[in-house]
Amino acid sequence: MTSSQTEMYWPLAHMVSRTEDAVTCVECHSSDGRLKDMPGPKLFIPGRDSHDLLDTIGLALIALTILGALAHGVLRIIFSGRA
Amino acid sequence: MAKTERVYIYTVFERFWHWTQAILVIGLAWTGFMIHFGRDTFEANPAGQSAYVAYRELHQNMAWAFVVLIAFAIFWHFVTGEWKQYLPTRKYLVGMVRFYTVGIFRHEPHPVKKSQISKLNPLQRIAYLGLKILVIPVLVTSGFLYFFYNDIATGGLFANNAMLGTIVAVHTFAAYLLIAFMFGHIYLTTTGHTPTSNIKAMVTGWEEIEVDDDETPVDAATPAPTAT
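Residue numbers (the numbering used here), protein chains in the order written: chain H, 1 to 83; chain A, 1001 to 1228.
To be clear, the hints were calculated from the coordinates, so they are not data collected in a lab.
A hint or two may mislead.
[Claimed, not checked] Output of the computed footprint for chain A on chain H, the stretches with three or more beta carbons under 8 Å from beta carbons of chain A:
| no. | segment |
| --- | --- |
| 1 | 7-16 |
| 2 | 24-38 |
[What the hints assert, rightly or not] Sample of chain H residues facing chain A (criterion: CB under 7 Å; computed from the structure):
| no. | residue |
| --- | --- |
| 3 | 42 |
| 4 | 43 |
| 5 | 44 |
| 6 | 51 |
| 7 | 65 |
| 8 | 77 |
| 9 | 79 |
All values derive from a computational prediction rather than experimental measurement.
Ideal Cβ placement from N, Cα and C applies to all residues, glycine included.
Please model the entire structure based on the sequences and the hints provided.
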């Protein structure tokens, strides 16, 4: 028994789009991109997926550092007049 | 006004290293956050590229420059023996915490005298050592894993693409830590003899330091200033 003989036709451009139709990074790497409905969490696409809790904690950490520094600085200025 | 003296603290290499690192960390943070938060706002231009591509390339080039700088810095620290500056010590640790929480408001003298032999107070030693052996290695390693992710994944090291999410999370979290450190670091430069004396020292190498008979260098091996 042998495999059946098949023939295949390819478009001349090998299915590569023209420049103006080319797919750019952000067409998939964005929250509303072509792959927005592909299920996670086994697929992580930068730009589509993010860690919201991590961002909240990280930004809070930076904000608290700045606020702490400002508060400390203001106290130093207030106390600088006293001996 | 307390008596001061000018002391040469930072060598040419340290100053070059410090400011190059500062520029690279700020540049990496900026491009990193543009990539992290700005991606949805990027529109593709007619050439089919978006600003995202430019930010990514800038981030990667600066990352390579940072790796080269780190290699030089590690070499310098071991050749000069300056790595010993970062050995943690409990001596004056409580004193430093007290200084920042109480003493600085009462115009008490700084508990640790800075010298070329001992440049860092105990809190600086802990903070900088933590950066050098934990935060920056984690950032660089996770950055490499991110950069070479496709090659590594093709090699079959990761079971599935979820690993990329973990690498991104680790890289991002370490970046938040480094940026938070940077703001605290910049503020603490104002706590020297004058608000700008620390920054001036990192530019010129020479620092204006208060002289006080009670002050002792943090390093026990350093001779204490003799009382007159």
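Hints and how they fare:
no.	hint	in the structure
1	7-16	violated (count 0)
2	24-38	holds (count 8)
3	42	holds (5 Å)
4	43	holds (5 Å)
5	44	holds (4 Å)
6	51	holds (5 Å)
7	65	holds (4 Å)
8	77	violated (10 Å)
9	79	holds (4 Å)
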